[in-house]
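Same order as they appear, the protein sequences are chains A and B. First residue of the first sequence: 0, per numbering that gives the first Met the number 0; consecutive thereafter. First residue of the second sequence: 0, per numbering that gives the first Met the number 0; consecutive thereafter.
Fair warning: there could be bad hints in the mix.
In the EDC-like style, the derived pairs of lysine to aspartate or glutamate whose C-alpha atoms are separated by at most 16 Å in a straight line are [said to hold, decoys possible]: (1) B:Lys430 <-> B:Glu129; (2) A:Lys25 <-> B:Glu335; (3) A:Lys56 <-> B:Glu218; (4) B:Lys326 <-> A:Asp18; (5) A:Lys80 <-> B:Glu218; (6) B:Lys326 <-> A:Glu72.
Here chain A is said to cover these stretches of chain B; the calculated rule only asks that three of the stretch's residues, wherever they fall, bring their Cβ under 8 Å from a Cβ of chain A [claimed, not checked]: (7) 197 to 203; (8) 275 to 289.
Just so you know, these hints were derived from the structure itself, not from any lab. Glycine included, every Cβ here is placed at the ideal spot set by N, Cα and C.
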Amino acid sequence: MNKEEVEKVASIASLELSDTEKEDLKDDMENILDWFSRLDEINTESVEPAFQPIDVKNEMREDEVEETLERKEALGNTDNKEDGFFKGPKIR
Amino acid sequence: MIRLKYRDMKATEFSRSDVDKEKFYSLLGRELEKLKGLNLHRKIDFGLEKDGKLSGLPFTLKDSICSEGDPTYAGSKILEGYRPPFDATVVEKIKKAGGNIVAKTHQDEFAFGTGCTNCAFTTPKNPWDEERCCGGSSGGAAGMAAALDLPHINLGESTGGSISVPASFCGVVGLTPTYGVVSRYGLISFANSLDKIGPIARNVEDAALGLEVISGKDEMDQTTVESEGDYREALEEDISGMTIGLPRDYFEIADDEVSETVEKAVSELEQLGADVKKVKLEMTEAALPTYYIIAPAEASTNLAKFCGMRYGMEGELEGNFREYFSKIRGQGFGEEVKRRVMIGTYTRMAGYRDKYYIKALKVRRKIINDFKHVFKDVDILAAPTSPVIAPKIKELEEMPPVEQYKIDKLTAPINLAGMPQLSVPCGLNKKMPVGLHLMGNHFDEKKILKVGHAYEKQRGKINYPEVEDDG
């Protein structure tokens, strides 16, 4: 891990970090990743990854029109709104 | 004294006709106020409920469970001020059954923690010793069960041990159901393939009632299955002839005094007629790093939605979206959250995904098979819940992350396997509670509940510490 790598990961994660945080995270991540490497010793040849602990099957149904949140309720937790829509930052 | 009347009253007895609901609720208000100094909960407005099957039985909710109109912050600054416009399925079920939501309990930020010392707002104190932590991440919920001597049920949530560990540290009963038994709709997710909502209470019967109320299939959560209904029905069954496996390495990993306390509890189960045999689990050492790859990987995608829009913390809409999102997230997330978002993002990145994330999922398969294999020979497993008793808050705060993670060492494996667990208090070590962890195969809730109940009867009453009124 070096500072550039930390910055790259932070940028993918959309996370602004101070220089001290970058330093600390560099060390922490190094230690943690080192600890993860213990799994290298485990033979997982021809083992299927377990995305879920039990088998989960998709259940399909026809789409139905149902009641949903009122627009006012949905917008009730933000100040950034305009004309009944959420307002976000600029794309560029 | 009206309070004496409710001493030791079980939640299951609350619908009795001699309970004066009005007097009870004003007493509850005073008792909750008295607990303020322990930092266990956030007050919410509640009214008088007395109808329905539960006739107004009080429930508390972990801060990550949404209830309509109530502050729900998941322990994070980034959600401060959020009041969900809807109820989580579990809350809907509680209300429908006539339960009353009376408080939100504090937790580690987004449930990232083993001691409840990562909460953005406060640090819950253990009612047994205020210098010690409650355990994480459902710390406030477990502390509440220990401190509030009135009939009630607390809902917690476990990803890697967040119900069992705090239950063990606070000397109360924590029930983590099989993955899929309880709907997570309306839970602020940590890791979708691991999260399980479950009850924390003073006794096994109340925990079973809690599960009865909240379990069941839900269209809003595709992983859910039909409820088995009455989880209390098997409680009084004889446990003689049952085979209880003791995973040898769990007892070796735990501190000696903790293991000895749990061994004594196991010998009581033997006296009740259970057969006890030592078993070997092969994957214990691998489970913790596996958990700490999978959980943050899932969390880092779940937490992408917290970006200063629509709810929670927000600022002036300056700069482009990347700059704005990064700034808000940088301000709103705490230290451990940043660490896990970074780790989780890294292990899913091109070039590392196979080495870490996919590898961990394969090891997880081996862990599940390891348990499945053992459950061919035994009905349930019994072990210490955590290797340690509740650490001091100060000690925990100074501990490096990987050391802190070890508190989950005996709960991470079974949580990765999505199998049910029950932590039952089984004695004290250095005046702090120790937990007996009963673990079962998928959907074997009733087995662990009946063993827990049988043990509890044998053990007798626990003398919970009296909470001083600090003004």
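Here is how each hint holds up against the structure:
1. Restraint check: the Cα-Cα separation between lysine 430 of chain B and glutamate 129 of chain B comes to about 12 Å, which is no more than 16 Å; the hinted pair holds.
2. A threshold of 16 Å between alpha carbons decides the hint, and for lysine 25 of chain A with glutamate 335 of chain B the separation of about 14 Å falls inside it, so the pair holds.
3. Between lysine 56 of chain A and glutamate 218 of chain B the alpha-carbon distance is near 13 Å, which keeps this suggested pair within the 16 Å criterion.
4. Under the criterion of a C-alpha separation no larger than 16 Å, the hint pairing lysine 326 of chain B with aspartate 18 of chain A is consistent with the structure, at around 14 Å.
5. Using a Cα cut-off of 16 Å, the hinted pair lysine 80 of chain A and glutamate 218 of chain B is violated, with the two alpha carbons roughly 31 Å apart.
6. With a C-alpha separation of about 27 Å, the suggested pairing of lysine 326 of chain B with glutamate 72 of chain A is violated against the 16 Å cut-off.
7. Proximity of the stretch 197 to 203 of chain B to chain A, defined as three or more residues with a beta carbon under 8 Å from a beta carbon of that chain, is not established by the 0 residues found.
8. Figure legend: the stretch 275 to 289 of chain B, annotated as covered by chain A; annotation consistent (4 residues with Cβ-Cβ distances under 8 Å, at least 3 required).
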